[in-house]
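Visitor: Sequence:
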Amino acid sequence: MTTSVVSIVYVNDAPAAARFYGDLLGMSPSFETPGYITFDLGPGADLALWSDQFEDLSPDVPRTSEVCLAIDGGPDELNAIFKQWQSKGVTILHEPHDAGFGLTFLAADPDGNRIRVAPRG
Numbered sequence: 551m552t553t554s555v556v557s558i559v560y561v562n563d564a565p566a567a568a569r570f571y572g573d574l575l576g577m578s579p580s581f582e583t584p585g586y587i588t589f590d591l592g593p594g595a596d597l598a599l600w601s602d603q604f605e606d607l608s609p610d611v612p613r614t615s616e617v618c619l620a621i622d623g624g625p626d627e628l629n630a631i632f633k634q635w636q637s638k639g640v641t642i643l644h645e646p647h648d649a650g651f652g653l654t655f656l657a658a659d660p661d662g663n664r665i666r667v668a669p670r671g
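Counting with our numbering, you get residues 551 to 671 for the letters of the sequence shown.
Among the hints, erroneous ones may be present.
As the list claims (entries may be wrong) - SDA-like, lysine to any residue: derived pairs with alpha carbons at most 20 Å apart:
id, residue 1, residue 2
1, 638, 570
2, 638, 617
3, 633, 664
4, 638, 656
5, 638, 577
6, 638, 660
7, 638, 576
8, 633, 619
9, 633, 643
10, 638, 575
11, 633, 644
12, 638, 574
13, 633, 649
14, 633, 653
15, 633, 623
16, 633, 618
17, 638, 663
18, 633, 620
19, 633, 576
20, 633, 658
21, 633, 621
It should be emphasised that the hints constitute simulated quantities derived from the structure, not laboratory data. Since we're looking at a predicted model, the values are computed, not measured.
Based on the sequences and whatever the hints tell you, model everything.
Guide: Pasting the structure below:
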């Protein structure tokens, strides 16, 4: 049985992406090499940033998957995160809206990877 799930996000520059994600998550990496950096998100969950797997990732290329940051708080917490990310200059793809499972918004990292913030289900 799997003891951990690692979500891998392909990026152009792992250290630069780690600074971006570290700032958003308010944490430091748990493991670092020049091209592969992970964040321990809690028991059984890690986020990995991996570079040099694809050449010249572009934000212009549509993505079909997302990393979802599930929060325990309600709409007030989600809106606070949204405003904080806006103030940091994070690219917002879709402002907060009710998607049937609760309030959610969609952002993108500098490489164009999608990041959703939503309530924990």
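Visitor: Each hint: holds or not?
Guide: Verification of the hints:
no. : hint      : verdict
1   : 638 - 570 : holds, 10 Å
2   : 638 - 617 : holds, 19 Å
3   : 633 - 664 : holds, 17 Å
4   : 638 - 656 : holds, 15 Å
5   : 638 - 577 : holds, 16 Å
6   : 638 - 660 : holds, 12 Å
7   : 638 - 576 : holds, 13 Å
8   : 633 - 619 : holds, 16 Å
9   : 633 - 643 : holds, 14 Å
10  : 638 - 575 : holds, 13 Å
11  : 633 - 644 : holds, 13 Å
12  : 638 - 574 : holds, 9 Å
13  : 633 - 649 : holds, 19 Å
14  : 633 - 653 : holds, 14 Å
15  : 633 - 623 : holds, 15 Å
16  : 633 - 618 : holds, 17 Å
17  : 638 - 663 : holds, 17 Å
18  : 633 - 620 : holds, 17 Å
19  : 633 - 576 : holds, 15 Å
20  : 633 - 658 : holds, 15 Å
21  : 633 - 621 : holds, 15 Å
Hint compliance for this structure: every hint is met.
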